[in-house]
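Peer 1: This is what each chain is made of:
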Amino acid sequence: MAAAPTSAFGTSRRSDLIFLVLFAAAVLTAPLWASLIGAGYPDLLQKWAIYGLFAIGFNILFGLTGYLSFGHAAFLGVGSYTAVWSFKLLGMNVLPAVFFAMITAAVFALAIGYISLRRSGIYFSILTLAFAQMSYNLAYSVLTPITNGETGLTVLPSDPRILEQLAGVRDTVSTPTTSLFGLEMTGYPGFYFCAVVLIIGFFVAMKIARSPFGTMLKAIKSNQTRMNYTGFNTRPYTLAAFIISGMYAGLAGALLASTDPLAGAERMQWTASGEVVLMTILGGAGTLLGPVLGAAVIKYFENIFSAFNDQVLMEMFNWLPETLQEAAVAVAGLFVGEGWHLTLGVVFMLIVIFLPGGIMEGIRRVQKLFRRSDGASRTDTASESA
Amino acid sequence: MSILTVQGVNKSFAGLKALNQVNLKVAQGQVHAIIGPNGAGKSTLLNCFVGRLEPDTGTVMFDGQSLLNRRPHEINQLGVARVFQTPEIFPDLSLLENVMIPAFAHRDGAFKMNWLPRIDGEAEIRDKALHMLEEVGLADNRSDHAGALSRGDKRRLELAMCLVQEPRLLLLDEPTAGMSRADTNNTIDLLKRIGERGITKIVIEHDMHVVFSLAHKVSVMAQGTVIAEGTPEEIRGNPKVQEAYLGGAHL
Ligand SMILES: Nc1ncnc2c1ncn2[C@@H]1O[C@H](COP(=O)(O)OP(=O)(O)O)[C@@H](O)[C@H]1O
Ligand SMILES: [Mg+2]
Numbered sequence: 001m002a003a004a005p006t007s008a009f010g011t012s013r014r015s016d017l018i019f020l021v022l023f024a025a026a027v028l029t030a031p032l033w034a035s036l037i038g039a040g041y042p043d044l045l046q047k048w049a050i051y052g053l054f055a056i057g058f059n060i061l062f063g064l065t066g067y068l069s070f071g072h073a074a075f076l077g078v079g080s081y082t083a084v085w086s087f088k089l090l091g092m093n094v095l096p097a098v099f100f101a102m103i104t105a106a107v108f109a110l111a112i113g114y115i116s117l118r119r120s121g122i123y124f125s126i127l128t129l130a131f132a133q134m135s136y137n138l139a140y141s142v143l144t145p146i147t148n149g150e151t152g153l154t155v156l157p158s159d160p161r162i163l164e165q166l167a168g169v170r171d172t173v174s175t176p177t178t179s180l181f182g183l184e185m186t187g188y189p190g191f192y193f194c195a196v197v198l199i200i201g202f203f204v205a206m207k208i209a210r211s212p213f214g215t216m217l218k219a220i221k222s223n224q225t226r227m228n229y230t231g232f233n234t235r236p237y238t239l240a241a242f243i244i245s246g247m248y249a250g251l252a253g254a255l256l257a258s259t260d261p262l263a264g265a266e267r268m269q270w271t272a273s274g275e276v277v278l279m280t281i282l283g284g285a286g287t288l289l290g291p292v293l294g295a296a297v298i299k300y301f302e303n304i305f306s307a308f309n310d311q312v313l314m315e316m317f318n319w320l321p322e323t324l325q326e327a328a329v330a331v332a333g334l335f336v337g338e339g340w341h342l343t344l345g346v347v348f349m350l351i352v353i354f355l356p357g358g359i360m361e362g363i364r365r366v367q368k369l370f371r372r373s374d375g376a377s378r379t380d381t382a383s384e385s386a
Numbered sequence: 001m002s003i004l005t006v007q008g009v010n011k012s013f014a015g016l017k018a019l020n021q022v023n024l025k026v027a028q029g030q031v032h033a034i035i036g037p038n039g040a041g042k043s044t045l046l047n048c049f050v051g052r053l054e055p056d057t058g059t060v061m062f063d064g065q066s067l068l069n070r071r072p073h074e075i076n077q078l079g080v081a082r083v084f085q086t087p088e089i090f091p092d093l094s095l096l097e098n099v100m101i102p103a104f105a106h107r108d109g110a111f112k113m114n115w116l117p118r119i120d121g122e123a124e125i126r127d128k129a130l131h132m133l134e135e136v137g138l139a140d141n142r143s144d145h146a147g148a149l150s151r152g153d154k155r156r157l158e159l160a161m162c163l164v165q166e167p168r169l170l171l172l173d174e175p176t177a178g179m180s181r182a183d184t185n186n187t188i189d190l191l192k193r194i195g196e197r198g199i200t201k202i203v204i205e206h207d208m209h210v211v212f213s214l215a216h217k218v219s220v221m222a223q224g225t226v227i228a229e230g231t232p233e234e235i236r237g238n239p240k241v242q243e244a245y246l247g248g249a250h251l
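Chain order of the listed sequences is A and B. Each residue of the first sequence is one higher than the one before, counting from 1 in full-length UniProt numbering. Each residue of the second sequence is one higher than the one before, counting from 1 in full-length UniProt numbering.
Bear in mind the hints are in silico, worked out from the structure with no lab data behind them. Everything numeric in this text was worked out from a predicted model, so none of it was measured. Yeah, the Cβ is synthetic: ideal placement off N, Cα and C, and Gly gets one too. Don't take each hint at face value.
Quick list of simulated restraints, FRET-style, between CB atoms [stated by the list, open to error]:
no., chain 1, residue 1, chain 2, residue 2, range
1, B, 185, A, 349, 21 to 29 Å
2, B, 196, A, 355, 51 to 59 Å
3, B, 74, A, 270, 32 to 40 Å
4, B, 39, A, 7, 17 to 25 Å
Keeping only pairs whose Cα atoms sit at most 27 Å apart, straight-line, the calculated DSS-like set for lysine-lysine is [said to hold, decoys possible]:
no., chain 1, residue 1, chain 2, residue 2
5, B, 17, A, 207
6, B, 17, B, 192
7, A, 218, B, 112
8, B, 217, B, 192
9, B, 112, A, 207
10, A, 368, A, 218
11, B, 112, B, 128
12, B, 192, B, 25
13, B, 217, B, 17
14, B, 217, B, 240
15, B, 128, A, 218
16, B, 217, B, 25
If we strip away everything but chain B, and leave its shape as in the complex, we get (with noise of 0.2 Å):
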């Protein structure tokens, strides 16, 4: 059973095709990997499912429910969270901040005003919190200020924010970019766990190593189109594929 349902999406900027008709089903718990030249479309896609940008044509549907036309945090409450391809964390403010803060956004809903409790008497999203932190390896960091981090551990800090949400739809934007092959195989890891516990995700990844060791599905993007869809095995030897990545050495 599908999730998501892409259906015809087109997306213009002043004359230039960044999505043209793309179609995609993402199925419910499975890992969907897209993959593509730099350019492809593939953020721009993205961007139409979480109320950044709105499609010029087409629908999008998650899980019985268009996501067109509704505001960034309407998505997110409906189950959607996302990973930014540059990192969207809290710099001014401490790791453990940066997770709790989500986790509010999941108990409480959109908006509450919630001044009469203090923040470090919320002993169970704390806990939320911190349990995150420990699973993407930042637990003894959880009072330094966020923009202290270096850029990979920011991308697993935005994951850690993203994974306490409990999300239901989870969009990953090059999640391993500019992380060293170690952090690289422990985001994997960390990935292939949540993954047990059903939660859907969208992959973009550069990393062939990351797509074959992650994804049950692979759409490939070229110029803004789905050129090919296949299982991991399927889509290496495809070779429109190899075509697209331009001879396609690294596949």
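Next comes chain A alone, as it looks inside the complex (with noise of 0.2 Å):
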């Protein structure tokens, strides 16, 4: 009999172990090679390792299994709101954020999830979407003792915050900072908190997808009635799927409270879940490095183009003749600042249009044509699965 056919998987250990450490090389080196296109910045960089986490947890479920959820949102709110709270109960520390954040997100997963799946396709999308704006409603209205309303959910000096109270060193004066074991989680360290925790998410992620588990939601999705004839219960699968991304975008809430403790309502709108689906169809859905890098180029361009004003594209455009400038200005404006959702459109749809498979898409086939130039006819494998 042939030795092991790796290539019937796609992958093998040795390449995912490669796989794996350039991630972590190129996640830990951020600080150096984002300053080149000018993202070296610990307020952006932590941004795309918490959206990277979000978008990861959110392929588990879309890519792999074929659910497009359109309420995912809702988790990452709530693991905000538990986050907030286990700051101000528990205290500053970001471990027991973490840690009751993904535990709350699974629990309001597992309901969720459990209801929304008894349905496919659209109908399962709007389920979700539903659920999704009555959590948003509800934050608003009826639960404001919890979540604060409008204001939103604030650390406040005069909180509990137990366990700095037993160690006894709860300042009740100054505005309390969240800290890892009294390291600080602001700038850099910030960054490396949430870059580890980016790190450990994918590894997970790629265990996942590599497992028998992982191949059984691929099944799921490449055909579910075959799942049903070939003896597998699918509504378990569906839903572990289901609580392990909420539980990821759980986690990403508790990270984005860990950076600026404030939690609001906002987080949990539908435009919130619609860019999480952005993000992991830009970067290439059922594939492991797609929706990292379709959160980080999301999160690049949001932050560029929101920062252009009137002022600066009147001097992007004067080289042209006044009247023309001005028109030039009025167009191009609708596009960026505020507009900049506008750009974010346009691009996702050339993206749908000409390039299904994302951005990994995109690599998949440069590479393909370096290969043919090469006379290689070897395919490598490692790439095709990542």
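Fit the two chains together into the complex; they arrive one by one in their own frames, and the hints show the way.
Peer 2: Right, here's the structure in full:
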């Protein structure tokens, strides 16, 4: 019998290890290389890591299992609220906040997933959207005692913070800052904390994707009917995928709160749910790296485009005659600043039409071109499943 | 001894009587062919065995247990596997993965949160699947995406996916449709070989060559009822069957 046919799985233990090491190296050195493209500051880098995690988790449900949720921001919001409550009640340490946020998100995902997964396709998407909008509205109305409504939930100097109280280090005067056992989660330490969590999250997602369990999820996406007639109860599989992706979202929400201990209901709005869909598709649904890339690209351009204003545009177009300059600024102005979502929409449409596999498909196509020009016919399977 | 006993099964679709008082006894270890013109209700009958449809009335007993009001995966876990008329495979996965997945269902049951090991580390399942692919002559394509296969090859793949589960009852809905004569003969040989392993089979076929080279017993269906039953020889000479096939030129 033939030796282990690794190519039948599109990956091998070795190629995955190399992939993981390269990924970790790229993330940890981000402050160095990101400064080359004007992104070398902790605020943005942190967003990359956090939304990268959000998208990695989302991809487990959407990319692997084939269920498109339009309500994942609900879990992001739940994670943020839980984290801030953990700061208020237990103390400013981020570890309990992350832990409890993931647990709460899992409980919410269990409840919402249990109901939504009774349907598939568009009906599933609508159900998740409805649940998320309900959560959003509840956060603004009846749940105000928990969420602090429109003002948002913040940490006050007077909060109990029991662990700090017990340790006798509770400061009731100044506004407290989040920390990891005393190391303040601002600036680069904050980024590195998120970066380490991102690498762990990536590793876990890789583990899932390469496991028998992950293969079952892919099989459900490919042909759920066949799965049922093959002896699988697909419901617990899809529910597990839903809960895992909900936990990733809760984790991302907790990290958002860790960088800025404030939780507001707008984090649960449908635009936030839509954003993670865009990130995953833009990067390449079903791939491991794609969602992280998609998140980074969107957050990067959001940062650049939303900073543009008419002043900057006037300077950009000052080589044009005055009337044309004003027209150009008027048109371009629609796409920047507050209107950056318009740019995002256009880019997204172009991607879906011309590159449905997202950035990862683009990378694969370029690789293929190079390989052809090299005259090498051996296929590099590691990159295919990356 | 019969492993499958069907009694008085009726099924209507909005006034159309697709199954009308169907009775059927399938003996353990035998190949039981069901023939009949298009629309006779053959596929509908199989649907009533695997949980795709519930009969309006009647009973379906498999090895002492009722197959009614059970979900498809439960019926499969009892040892009933089915090859569909339109191949049901995993088009986005490799051939090897396609065959490994049913092997997991056979080993681990309907659900297992098996996320720690790597799939390529599951040597036992992989070897079993590879062996099955060799049996159906698809081992060389094991890394290909199943969606790219020809219709005939998809059928053989689906057959491998069912056989790797070592089912006790295998339901085959036109397993050689869309195959070349050579592939059909290969499939006949394959089905004969697995016949030696004691798997009971129900085969729906149009190709009489297949029916007469495989079947121990033949049931003829027309308009939702079984109109004749017997050995292939008895069926060949039955005038009612000739009539159902409108002249029966190919009998
Ligand atoms: N799900 C269904 N809904 C409505 N009518 C159906 C359905 N399944 C089968 N039928 C009808 O029942 C009859 C028997 O079909 P079928 O069992 O597929 O025949 P066969 O497999 O013998 O060719 C046909 O007239 C078909 O149109
Ligand atoms: Mg049919």
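Peer 1: Between the alpha carbons of residue 217 of chain B and residue 25 of chain B, is the straight-line distance 27 Å or under?
Peer 2: The hint holds at about 10 Å.
Peer 1: Can the suggested window of 32 to 40 Å be confirmed for the beta-carbon pair residue 74 of chain B and residue 270 of chain A?
Peer 2: 38 Å, holds
Peer 1: Keeping to a limit of 27 Å between CA atoms, is the pair of residue 17 of chain B and residue 192 of chain B held or broken?
Peer 2: 35 Å, violated
Peer 1: Quick check: does the Cβ-Cβ distance between residue 39 of chain B and residue 7 of chain A fall within 17 to 25 Å?
Peer 2: 44 Å, violated
Peer 1: Check the hint pairing residue 217 of chain B with residue 17 of chain B against an upper bound of 27 Å on the C-alpha distance.
Peer 2: With a Cα-Cα distance of about 25 Å, the restraint between residue 217 of chain B and residue 17 of chain B holds, given a limit of 27 Å.
Peer 1: Is the straight-line distance between the alpha-carbon of residue 368 of chain A and that of residue 218 of chain A 27 Å or less?
Peer 2: Measuring from Cα to Cα gives roughly 25 Å; hence the hint holds.
Peer 1: Do the alpha carbons of residue 217 of chain B and residue 192 of chain B lie within 27 Å of each other, as the hint requires?
Peer 2: 14 Å, holds
Peer 1: Regarding the pair residue 192 of chain B and residue 25 of chain B, is the alpha-carbon distance no greater than 27 Å?
Peer 2: Given that 27 Å is the threshold and the Cα spacing comes to 21 Å, the pair holds.
Peer 1: Quick check on a hinted range of 51 to 59 Å for residue 196 of chain B and residue 355 of chain A, using CB atoms only.
Peer 2: 52 Å, holds
Peer 1: Straight-line Cα separation of residue 112 of chain B and residue 128 of chain B no greater than 27 Å?
Peer 2: 19 Å, holds
Peer 1: Determine whether the Cβ-Cβ distance between residue 185 of chain B and residue 349 of chain A falls within the hinted range of 21 to 29 Å.
Peer 2: At 52 Å between Cβs, range violated.
Peer 1: Starting from residue 217 of chain B, check that the Cα of residue 240 of chain B is at most 27 Å away, please.
Peer 2: Roughly 17 Å between the alpha carbons, so the hint for residue 217 of chain B and residue 240 of chain B holds.
This entry does not satisfy hints 1, 4, 5 and 6, going by the numbered hints stated previously.
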